[in-house]
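Those protein sequences? They're chains A and B, same order as listed. So that you can map any letter, position 18 of the first sequence is 18 in UniProt numbering, and since no number is skipped, the others follow by simple counting. So that you can map any letter, position 132 of the second sequence is 132 in UniProt numbering, and since no number is skipped, the others follow by simple counting.
Do not rely on the hints blindly, as some may be mistaken.
What the hints assert, rightly or not - A few chain B residues that don't get close to chain A, going by computed Cβ distances all over 10 Å:
no.	residue
1	G58
2	T98
3	D108
4	G128
5	D150
6	G238
7	A245
As the list claims (entries may be wrong) - If you want the ones that stay clear, here's a sample from chain A, every Cβ over 12 Å from chain B, calculated:
no.	residue
8	E18
9	L26
10	A73
11	A75
12	D88
13	P101
14	P173
15	D180
16	D236
Stated by the list, open to error - Which residues of chain B face chain A? A partial, calculated answer using Cβ under 7 Å:
no.	residue
17	S86
18	T90
19	P124
20	L125
21	I154
22	A157
23	G158
24	T184
25	V185
26	R191
I should point out that these hints are in silico values taken from the structure, not numbers from a laboratory. Using N, Cα and C, we set each Cβ at its ideal position, and we do this for glycine too.
Protein chains: 2
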Amino acid sequence: MTATPLYGKELAAAIRAETAERAAILATSGRPPKLAVVVATDDESSAWYVRSIAKAAGQTGITCDIVDLGPDADAEAIVARLRGLSADDTVHGVLLQTPLPGGAALQDLASAIAFGKDVDGANPLSLGRLAAGLPAHPPATAEAVVAILDHYGIELAGRRVAVVGRSTVVGKPAAHLLLDRNATVTVCHSRTTDLATVTSTADVVVAAVGRPGLITADHVRPGAVVVDVGTNPTPDGGLTGDADAASLAGRAGALTPVPGGVGPVTTALLLRHTVAAATAR
Amino acid sequence: MTATPLYGKELAAAIRAETAERAAILATSGRPPKLAVVVATDDESSAWYVRSIAKAAGQTGITCDIVDLGPDADAEAIVARLRGLSADDTVHGVLLQTPLPGGAALQDLASAIAFGKDVDGANPLSLGRLAAGLPAHPPATAEAVVAILDHYGIELAGRRVAVVGRSTVVGKPAAHLLLDRNATVTVCHSRTTDLATVTSTADVVVAAVGRPGLITADHVRPGAVVVDVGTNPTPDGGLTGDADAASLAGRAGALTPVPGGVGPVTTALLLRHTVAAATAR
């Protein structure tokens, strides 16, 4: 068996094409969509990600303002800026980039992002509405997990899914989206006893912990689908995932590559949310 | 083996005693705590539950206003009343009783309950904050699950817990509270394939579906702890749980009885939340 690579490129391109059409319509009607990305870090992989969003936005006809507050910005300054952008009628989507200075938690500050502009589902109200089955923008990464599985026709209803990682931005919202699709969902984390035993019962394993190569052949049953959400920087300036692709190659049925799997879909969904937010106004 | 009964009475009494003390202090300082329960149903088991809350509130020094809008109330009228109570300075806790008329969903209407008065965690903002690890009142039933396990010294960290039921009021918030306690949590539901296989891997099974006797000896490993959240009315006017106690007796290690397990703890926690909300003002 060789694990089939589940590339995100084709799906991302389709989402971006549809989004670009809608962005063009908005622009013609005098409402050009705009995304504001608030940055308060000099973290390199964060900067790389923000640049990639800005580039993709530009190609899609969405203005992307990068609001760089610098790595020494305090929580009050960040919250004030989020409030300001939330009140700015020309801005339709607001994204607060992590990491944040002084160990501030995203979910603490993101309450200051207006619900309607919370295009990356960081405001706890978005998470709560998502969990309650009410309309909300899901975090783009969590939504990308389900979108890429759908794209490849991987059934979720009645299947067992192990989500490894319980972050507020990925693991928890992904669990809710998967539950909503009628999967039986287990959330594993750093305190899970005998992780491999737990994940080996799953048809689909979602790796979202930020530990390079954590998920190996020992962690999955033969033929399982692995969705790798990890984006860990490598010494040579590249990215590597949470899954050990070499180890999984002979055991998993399918695997999303890093880079080139979940990542491009995430960016495309973020843009789609921005256009949806601009349309809803 | 005989499953040890995990009664809620002692824990509920302790919570209520502490809550009564705090209620008395509030009353002396001119801020007598008040809970408003909005009812829009003539469902009998609902009426029974509301009466039991009112009685317990009275015994604890909390005023309980039952606001009965009748089974024909429409969503607008309910929302308007929830807004009114949220704006009323003499009311500290607001509870919207289910079932709701016309198939309205609790989470839709409960957004109208002010976050600070949302003593049963029904507003999606409360659920989102709970999921994000931020302060919020959890739904009392979900919190009671963890409280009763704690009371009996049942370890959760690193243990496997199966939550059967994915409701917004119990299953999902309970899953978050259990995750927060470092359990590895699986959420099962009506679409779960081979439920017994899934639940049999768990150290603790939380039954929260509303199907009498669903969880039997076949569903648990020997010695497992079963927390029964079910409150299904019986023909003779009593209550029965989601667990089949007779079947489990020889296999489970411990079981919360229905009635007398989770129920009394739920009511006590609701009163504690009301006093906390009154104190926070």
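Open item on the list: Let's test the interface hint: is any C-beta of chain A closer than 7 Å to that of L125 (chain B)?
Closed with: With a minimum Cβ separation of about 5 Å from chain A (threshold 7 Å), the hint on L125 (chain B) holds.
Task: Exclusion check [A73 (chain A) not at the chain B interface, CB over 12 Å] - done: 21 Å, holds
TODO: Beyond 10 Å from every chain A Cβ: check whether that's true for G128 (chain B).
DONE: With a cut-off of 10 Å, G128 (chain B) comes too close to chain A, as the shortest Cβ separation is near 2 Å.
TODO: Using Cβ atoms only, decide whether I154 (chain B) comes closer than 7 Å to chain A, and label the hint accordingly.
DONE: Because about 15 Å separates I154 (chain B) from the closest Cβ in chain A, which is outside the 7 Å limit, the hint is violated.
Task: Hint check, V185 (chain B) versus chain A [nearest Cβ-Cβ separation less than 7 Å] - done: Holds, about 5 Å.
Task: Agreement of hint S86 (chain B) with chain A interface, Cβ distance less than 7 Å - done: Since the shortest Cβ distance to chain A is 16 Å, the answer is violated.
Open item on the list: Confirm or reject: D150 (chain B) is not an interface residue toward chain A, with every Cβ-Cβ distance exceeding 10 Å.
Closed with: 17 Å, holds
Open item on the list: Please check whether T184 (chain B) passes as an interface residue: C-beta within 7 Å of a C-beta belonging to chain A.
Closed with: Check passed: Cβ of T184 (chain B) comes within 4 Å of chain A, closer than 7 Å.
Task: Distal placement of D88 (chain A) relative to chain B, Cβ over 12 Å - done: With a cut-off of 12 Å, D88 (chain A) remains clear of chain B, as the shortest Cβ separation is near 23 Å.
TODO: Evaluate the condition: distance from the CB of T98 (chain B) to the nearest CB of chain A exceeds 10 Å.
DONE: 14 Å, holds
Open item on the list: Please check whether the beta-carbon of E18 (chain A) is more than 12 Å away from every beta-carbon in chain B.
Closed with: 29 Å, holds
Task: Cβ separation check - D108 (chain B) to all of chain A, threshold 10 Å - done: 7 Å, violated
Hint check: violations occur at hints 3, 4, 14, 15, 17, 18, 21; the rest are consistent with the structure.
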